[in-house]
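Just so you know, the sequences run in chain order A and B.
Residue 248 in our numbering is what sits at position 242 of the first sequence, and the numbering runs on without skipping anything.
Residue 317 in our numbering is what sits at position 311 of the second sequence, and the numbering runs on without skipping anything.
Since the hints were made in silico from the structure, they are not lab data.
Worth double-checking, as some hints may not be accurate.
One copy or two, it doesn't matter: identical chains are merged, so the pair holds either way.
When the alpha-carbon atoms are kept at most 25 Å apart in a straight line, the in silico SDA-like pairs for lysine to any residue are as follows [to be verified]:
id	residue 1	residue 2
1	Lys347	Gly327
2	Lys203	Glu80
3	Lys385	Glu351
4	Lys225	Lys359
5	Lys67	Lys286
6	Lys277	His178
7	Lys359	Asn226
8	Lys286	Asp392
9	Lys385	Leu128
10	Lys172	Met265
11	Lys286	Asp309
2 protein chains.
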Amino acid sequence: MIILTLNCGSSSAKYQVFDWDKREAICVGLVERIGEDVSHIENESKDKEVYDAQEYFPTHKEAVEFILKIITDETYGCIQSRDDIKAVGHRIVHGGETFTKSVVVTDAVLKDIEDNIPLAPLHNPGHLMGIKATMDVLPKVPNVTVMDTAWHQTMPEKAFRYAVPKQWYTDHKVRKYGFHGTSFLYTTKRAAALLGKDPKDVNLIIAHVGNGASMCAVKNGVCYDTTMGLTPLDGLVMGSRSGTLDPAVIRYMAHKESMTVDEVDTALNKKSGLLGVTGKYIDRRDVLKGALEGDKDCILANDMECYRIKKYIGSFVAALGRVDAVIFTAGVGEMARHVRKGALEGLEVMGIKMDERRNELSFTQRAETIISADDSPTKIFVIPTDEELVMAEDTVALLNGNYDVHTNFEY
Amino acid sequence: MIILTLNCGSSSAKYQVFDWDKREAICVGLVERIGEDVSHIENESKDKEVYDAQEYFPTHKEAVEFILKIITDETYGCIQSRDDIKAVGHRIVHGGETFTKSVVVTDAVLKDIEDNIPLAPLHNPGHLMGIKATMDVLPKVPNVTVMDTAWHQTMPEKAFRYAVPKQWYTDHKVRKYGFHGTSFLYTTKRAAALLGKDPKDVNLIIAHVGNGASMCAVKNGVCYDTTMGLTPLDGLVMGSRSGTLDPAVIRYMAHKESMTVDEVDTALNKKSGLLGVTGKYIDRRDVLKGALEGDKDCILANDMECYRIKKYIGSFVAALGRVDAVIFTAGVGEMARHVRKGALEGLEVMGIKMDERRNELSFTQRAETIISADDSPTKIFVIPTDEELVMAEDTVALLNGNYDVHTNFEY
Ligand SMILES: Nc1ncnc2c1ncn2[C@@H]1O[C@H](COP(=O)(O)OP(=O)(O)O)[C@@H](O)[C@H]1O
Ligand SMILES: Nc1ncnc2c1ncn2[C@@H]1O[C@H](COP(=O)(O)OP(=O)(O)O)[C@@H](O)[C@H]1O
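Starting from the given sequences, assemble the full structure and let the hints guide the process.
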């Protein structure tokens, strides 16, 4: 069975083609600059030449049309015909409180995604364009949506509510939603397998650290708390996002530099984090290089990133009471050994003991590794994440009618 | 030696008179509604009748003048003559980065406090009025200022910096300052005594939970991290303040309800916290009563307050690596057993084990008690705070020329 996964932004689309009988991604691709004068597509099918070219995609529809053309192309493609595609799985960043799991797209679902646009004005419109384009181009193929926020809907109210006027929640849905849910679901299932435990019994702390970064406390296999909030701005120090800070900073800076609240918000999302502290770098490799060369801002930025992760690990240990494993995933989590080291040092008092050598050896992004010491009560794993696999899994399960809470199913 | 301590707000003044030879507060008083049509004063001297009356104080000067009159009054007072007063200690909420310790007031000090007004627009102007009034009324008596923020100036940069554009810090001093420093200093010294350790060697987590509430991580006797930030808004769930939340909530609510950033800020400071969640209560006694009667909002508010404290305990254990004791202080910390219980339950994994019965027995605000189990690696103390005593101590030490870093001195 062939499944296509699509992750559409307002001007971009990432996609993968899965041969589900083999559980294998047979093609990976990326379209950029949809709607601009020159668009760009990069397509890599298994054992085939890479297709990398400039094209013109005025809307998502032309982009999806071209994706179908290239993946069925004899030289660059991976499947015979577009009729081979049995379903399309779409990634949705913000499902609000409406979605607690993946669903087959219906008119009602489209309406719900639209209703949640105020919560994710930068993301949901692009997702909708992607789904509608797919429905136009592949009218007979079912579509499934996989929401980043669905995973987090098991949080207890004490974890997801803010201490703000109650009617901000009842009237305007102001609460913690959480993101990176698909990654947390995947790594939770893998961690349970590595621990040899039923997913229902695992307590975990997962650090998904990429450009965006968030952490999740997992209790009995499901989400109990997370570091991102109403939006992906809160929590950890990220590439260009500030993470947590005194909310009063916004008013203070709005007055100090005569900025609008939107301008301050943009600065916190785009000019803060590692970029803000170093003044120049987003990528941890650059920050590390700078730090090793003695650049004080780089040393500080790295220290802040590690310290913030460490403190959230502590807070989640307190929240969970018992933790089977701490997991690192995503670009930085899988590859940046110095960040893991800085975050894990000194946590022995809570039963978390890293093995320095094992940590140093885990950086390929290609293997699941254990980096805790043998006598560490809490295990520490590095697990490469695979959000597209979850999208394909959910899509297949919904198609086959055996979709269920993730703790209840195995493939 | 007689010392007067003054804690002036923009329209109020709390004061105490100390007989320093006996280390004893011999008078406690409060002036309210300075500048309004009818002001109010309450004065209670040791073994004397309470004076409680409406008066008229157009400015702080008349208020201080009247305080001197009443404390030297034969029926209501505690000292013979205003000449007995050897120094006045003033509380200052925000000393910015300028003040790392208490100082004798000079013109330069007044200027520095004034320069820090933008950081504490609601507090520092009142403090300045109080000092100037005292200088007018008692021109020959030295004044000392004790800053809430001074204690926190030992924080490492990774703890006090935010991941925002660097120039927000260099140009506008945007960083974490911390508050309740005088209380943290006092409880640190008491905890060291209770532990039988040199203050230089203690690692502590202190929860100062009153109407305002913040926590402090103490490493080797000095501040390492804290939960309040640029202002006292951040961190714990408070009576009417939100504590931490996704900073993006401000922009979202500004748009949703067409509020200015100042209006959102005011809502977060005055209509949030327990008041926001319950819709009606600030006082924990009311919240507890409501919760016991089954009011869902009260149950949630209480759960949120406890859960937030618990998570910060965890984050500070991670930050410190080793913790000798957890300390509860201020109104709620000293008396609200259910809040302590909710915050401490389930922390055994990090060596913090409460004794339920001991916890239940500690609620008088009159004794230092230990509420941890005998086999708890980390001790848990309830320590009634005494900020005025620290103000008097610092004032005397500065007067005597033996003031020093607090870890170096004993009285
Ligand atoms: N070898 C490496 N060492 C350290 N950091 C790395 C390495 N490779 C990638 N990274 C970090 O991973 C980040 C990207 O992670 P990724 O999970 O792909 O991000 P996202 O999906 O959020 O865009 C880069 O910004 C970089 O900082
Ligand atoms: N017996 C009690 N049980 C529970 N909470 C109490 C009790 N007494 C006082 N409190 C709480 O203490 C708070 C005041 O604490 P305090 O330290 O005096 O506050 P402030 O920050 O104003 O100095 C009250 O709002 C109330 O919630």
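Tested hints:
1. Lys347 / Gly327: both (23 Å within a copy, 15 Å between copies)
2. Lys203 / Glu80: neither (45 Å within a copy, 77 Å between copies)
3. Lys385 / Glu351: Result: close both inside a copy and across copies, 14 Å intra and 23 Å inter.
4. Lys225 / Lys359: This pair counts as both: shortest intra-copy Cα distance 21 Å, inter-copy 21 Å.
5. Lys67 / Lys286: Answer is neither: 37 Å inside a copy and 52 Å across each miss the 25 Å cutoff.
6. Lys277 / His178: Result: close only across copies, 16 Å inter versus 28 Å intra.
7. Lys359 / Asn226: Both. Shortest intra-copy (22 Å) and inter-copy (23 Å) distances satisfy the 25 Å Cα cut-off.
8. Lys286 / Asp392: neither (30 Å within a copy, 46 Å between copies)
9. Lys385 / Leu128: neither (37 Å within a copy, 49 Å between copies)
10. Lys172 / Met265: Close across copies (17 Å), not inside one copy (28 Å); limit 25 Å.
11. Lys286 / Asp309: Answer is within: at 16 Å inside a copy they meet the 25 Å cutoff, but 42 Å across does not.
Hints 2, 5, 8, 9 from the list above are not met by this structure, while the remaining hints are.
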